[in-house]
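Residue numbers (this note's numbering), protein chains in the order written: chain A, 1 to 224; chain B, 1 to 251.
Derived from the structure by calculation, the hints contain no laboratory data.
Misleading hints may appear alongside valid ones.
Unchecked claim - Below, in silico cross-link-like pairs of lysine to aspartate or glutamate (EDC-like), each with a Cα-Cα straight-line distance of 16 Å or less:
| no. | chain 1 | residue 1 | chain 2 | residue 2 |
| --- | --- | --- | --- | --- |
| 1 | B | LYS218 | A | GLU159 |
| 2 | B | LYS218 | A | GLU30 |
| 3 | A | LYS52 | B | GLU181 |
| 4 | B | LYS226 | A | ASP133 |
| 5 | A | LYS67 | B | GLU46 |
| 6 | B | LYS183 | A | ASP133 |
| 7 | A | LYS137 | A | GLU159 |
| 8 | A | LYS200 | A | ASP133 |
| 9 | B | LYS218 | A | GLU84 |
| 10 | B | LYS39 | A | GLU206 |
| 11 | B | LYS218 | A | ASP132 |
| 12 | A | LYS205 | B | GLU40 |
| 13 | A | LYS192 | A | GLU219 |
| 14 | A | LYS67 | B | GLU181 |
| 15 | A | LYS124 | A | GLU159 |
Please read these numbers as outputs of a predicted model, since none were measured by experiment.
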Amino acid sequence: MLKSRIYNIIVGFMGIIILIYVSSYMGNVEGELYRMQYQGEEGKSPITINNKLMGFKKFGSSILWIKQVLDVGSFDYKAERIKENSEKISYLDPYFISNYYFSGTVVALIKSYSRYDYGFEILKRGLKYNPDDKYIKNYLGGVAAASKGDIESLLISFESILEDVRDDRLMNVVAYIYEEKYKKTKNKEYIKKAVYYWDKMQNAKEELYQKRALKKLDEYRKYN
Amino acid sequence: MKQIIAIAKFTIKENISNRLFNAFIGFGLFIIMSTVFLKEISLYEESKVIYDSGLFLIEFFVLLITIFTSATLVLKETKEKSIYLVLTKPVTRNMYILGKVLGLIVTVFLNIAIMGGILYGILVWQKAQISLEYMYSLIFIFYKLSLVVVIGVLFSVISDSVITANMFTFSIYILGHAIYELKMLADKIENIVVKSILEFLYRILPNFRVLNYKDYLKHIDIDFGKISLYVLGYLIITMVIINIVFNRKKI
Numbered sequence: 001m002l003k004s005r006i007y008n009i010i011v012g013f014m015g016i017i018i019l020i021y022v023s024s025y026m027g028n029v030e031g032e033l034y035r036m037q038y039q040g041e042e043g044k045s046p047i048t049i050n051n052k053l054m055g056f057k058k059f060g061s062s063i064l065w066i067k068q069v070l071d072v073g074s075f076d077y078k079a080e081r082i083k084e085n086s087e088k089i090s091y092l093d094p095y096f097i098s099n100y101y102f103s104g105t106v107v108a109l110i111k112s113y114s115r116y117d118y119g120f121e122i123l124k125r126g127l128k129y130n131p132d133d134k135y136i137k138n139y140l141g142g143v144a145a146a147s148k149g150d151i152e153s154l155l156i157s158f159e160s161i162l163e164d165v166r167d168d169r170l171m172n173v174v175a176y177i178y179e180e181k182y183k184k185t186k187n188k189e190y191i192k193k194a195v196y197y198w199d200k201m202q203n204a205k206e207e208l209y210q211k212r213a214l215k216k217l218d219e220y221r222k223y224n
Numbered sequence: 001m002k003q004i005i006a007i008a009k010f011t012i013k014e015n016i017s018n019r020l021f022n023a024f025i026g027f028g029l030f031i032i033m034s035t036v037f038l039k040e041i042s043l044y045e046e047s048k049v050i051y052d053s054g055l056f057l058i059e060f061f062v063l064l065i066t067i068f069t070s071a072t073l074v075l076k077e078t079k080e081k082s083i084y085l086v087l088t089k090p091v092t093r094n095m096y097i098l099g100k101v102l103g104l105i106v107t108v109f110l111n112i113a114i115m116g117g118i119l120y121g122i123l124v125w126q127k128a129q130i131s132l133e134y135m136y137s138l139i140f141i142f143y144k145l146s147l148v149v150v151i152g153v154l155f156s157v158i159s160d161s162v163i164t165a166n167m168f169t170f171s172i173y174i175l176g177h178a179i180y181e182l183k184m185l186a187d188k189i190e191n192i193v194v195k196s197i198l199e200f201l202y203r204i205l206p207n208f209r210v211l212n213y214k215d216y217l218k219h220i221d222i223d224f225g226k227i228s229l230y231v232l233g234y235l236i237i238t239m240v241i242i243n244i245v246f247n248r249k250k251i
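Using the sequences and the hints, build the whole thing.
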């Protein structure tokens, strides 16, 4: 019994020394983790707070991302809700860049929404947490141009994104603008560009864009 | 040492032959494999969704198994009276507990290894980019759940009810993640009693926030050795407390 007590005291003492030795390091890592998390109040809700406190931030952001994709796909969703959902994703993972690309352009560029203010807000938040991301600046530039009706600047911004990033929604916007320009000017260069993007859209992730691409390619077959 | 290893081996065998335990594992594996279907609805972010959901599910299911097996450990054996058979042999209470905890920790390791291996296979199949961070995430899940094992066993020794032991262990798991918020709350509160309680909790609760590598939002360089030492130190102290309580417990 006495032997066991002495053993417990010695081992316990060793444990305390180890914990004291690493405590300042653990505090530093903790501080660093705190600093890298989302610092605003937007997106705060019982669900996001629970996810954050229980250590499921990334899983929570993935689930909210799926929700966002499905909601946008259903087409009967209000812009406010898309913005809200995007804020919730940011609250959990502010470095999740696709959230800003997708949500920012959807609320700004889909005709039924056309909320450029929301688009700016979402994309600016993205820029705040991801200042080194080169595409987010182009997205912002494109939305800014769209809000002013500056089609040429919009095309420059969005086409530079499409050189490296796969974004079917954006591709659809660019193809549509080129088609409209062709209809107005009858300049074949424009429709060739539109066909180029529809061709790429044939293997889009969303069925809607696949169908649209096939329909348009069929319509403008002679330029294909 | 022989006795400890024998008890550990028996604990592993006992867990593997437990029906409920196997049902949890089977269901966990099924759900992890089902994450592949999320691919269809996760537009451009298939890998992220499968990766994050998979790691979450591994931790969640192994956590359920861990809490269930550790928090009921001593209580179940006392109720079934099987504990007397072991303690009448030349096995001290310290050896008994150490053997049991070792067996549970190895079981947790095996579970994480199996589920982690399957998720790895799924990620490779989905052509996702997998870095060393995946390995770190699994190791840190193992660290976290090893601490849950000793905390569960501690409550199993202290408590007289399986339900309260399970609830307390789960509460510690949640509080361990919100540890920094407890500290911040303590800094803001002026009431000295509440402040002291919160600071005390901050000092004694396991730091699951730092051990939650799968949820690190950005890459940071970590000292793997120091974090491993933290886990070791915490395990040692909790084991000593368990031994002290268990030695005084009337069975």
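Hint by hint, here is what the structure shows:
1. LYS218/B - GLU159/A: Violated, at roughly 29 Å.
2. LYS218/B - GLU30/A: Holds, at about 13 Å.
3. LYS52/A - GLU181/B: holds, 11 Å
4. LYS226/B - ASP133/A: violated, 33 Å
5. LYS67/A - GLU46/B: holds, 14 Å
6. LYS183/B - ASP133/A: Distance ~34 Å between LYS183/B and ASP133/A Cα, so the pair is violated.
7. LYS137/A - GLU159/A: Roughly 13 Å separates the two Cα atoms, so the pair holds.
8. LYS200/A - ASP133/A: violated, 24 Å
9. LYS218/B - GLU84/A: Not OK: LYS218/B and GLU84/A at ~23 Å, beyond 16 Å, violated.
10. LYS39/B - GLU206/A: holds, 12 Å
11. LYS218/B - ASP132/A: The given pair, whose Cα atoms are some 14 Å apart, holds under the 16 Å limit.
12. LYS205/A - GLU40/B: Holds, because 9 Å separates the two Cα atoms, which is no more than 16 Å.
13. LYS192/A - GLU219/A: Measuring from Cα to Cα gives roughly 13 Å; hence the hint holds.
14. LYS67/A - GLU181/B: Roughly 28 Å separates the two Cα atoms, so the pair is violated.
15. LYS124/A - GLU159/A: violated, 20 Å
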